[in-house]
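Residue numbers (my numbering): 12 to 195.
Some hints could be false.
[Unchecked claim] Straight line, CA to CA, 20 Å or less: simulated SDA-like cross-link-like pairs of lysine to any residue:
{"hint": "1", "residue 1": "K112", "residue 2": "G54"}
{"hint": "2", "residue 1": "K32", "residue 2": "Y165"}
{"hint": "3", "residue 1": "K71", "residue 2": "T61"}
{"hint": "4", "residue 1": "K32", "residue 2": "N150"}
{"hint": "5", "residue 1": "K112", "residue 2": "T102"}
{"hint": "6", "residue 1": "K96", "residue 2": "R68"}
{"hint": "7", "residue 1": "K96", "residue 2": "N150"}
{"hint": "8", "residue 1": "K96", "residue 2": "T72"}
{"hint": "9", "residue 1": "K112", "residue 2": "N79"}
Derived by calculation from the structure, the hints in this document are not laboratory data.
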Amino acid sequence: IGKYWMAGEEVFAFHWILTDKSGQTLIIEPTVDGLEVISDSIGVMTNSPTYPEHMARLEKTLGVTNENALATKSQEIIMSQDLPKATNTPTTRFLVAAVNKLGAQESRTQFEARNRLFNVLDDVSIPYKPSMDDHPNFNYTHYISVLDSSDQTYYFRYHDSDQVFSFSLPDLLSRYPSANRFLI
């Protein structure tokens, strides 16, 4: 965490996202100055560069200067069906995920919301190719996950399967009430 990684002279800003039941979202990202906690105003994250750099690039690309304008512009892009295409770079993946999230209509059910999120994440995933086995620095999406904060259920799917697994945090806590929940 917060260290130079692989062959570059850069601290890669791997992020962690935390969301409560109200939808308030925070991102924790390591930088050369240590861990930073950032309020995530749009509920989208990806890795490098830093979150503020992603937001600045998003606003510049869409030609807007505030969050309300981001949503309006994203809705226009969705309606025009002139969606940007994701590449394997975190910057384009952030752009595509943000436009899809901000421009979409509100989901009517948890099931619809979950499916929409899996589709958005599919759009920005980096597919695995067997040729990547010979190149340890090649990245691909190992899994896709969605957390339903309303019922605290975690859904995920591995890169090589269409099967979605789910784990209910309340169920697990009730099944194992005295389990140690800290990594030691």
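Now for the hints, and whether the structure bears them out:
1. Between K112 and G54, the direct Cα distance comes to roughly 8 Å. Compliance with the 20 Å bound is thereby established for this hinted pair.
2. A hinted pair counts as satisfied when its Cα atoms are at most 20 Å apart, and K32 with Y165 qualifies at roughly 13 Å.
3. A hinted pair counts as satisfied when its Cα atoms are at most 20 Å apart, and K71 with T61 qualifies at roughly 16 Å.
4. For the proposed pair K32 and N150, the alpha carbon gap of about 32 Å is over 20 Å, so the pair is violated.
5. With a C-alpha separation of about 15 Å, the suggested pairing of K112 with T102 holds against the 20 Å cut-off.
6. A threshold of 20 Å between alpha carbons decides the hint, and for K96 with R68 the separation of about 16 Å falls inside it, so the pair holds.
7. For the given pair, K96 sits about 18 Å from N150 by alpha-carbon distance, which is consistent with the 20 Å threshold.
8. Distance hint between K96 and T72 is fulfilled; the C-alpha atoms sit about 13 Å from each other, no more than 20 Å.
9. The suggested pairing of K112 with N79 holds, with an alpha-carbon distance near 13 Å, which does not exceed 20 Å.
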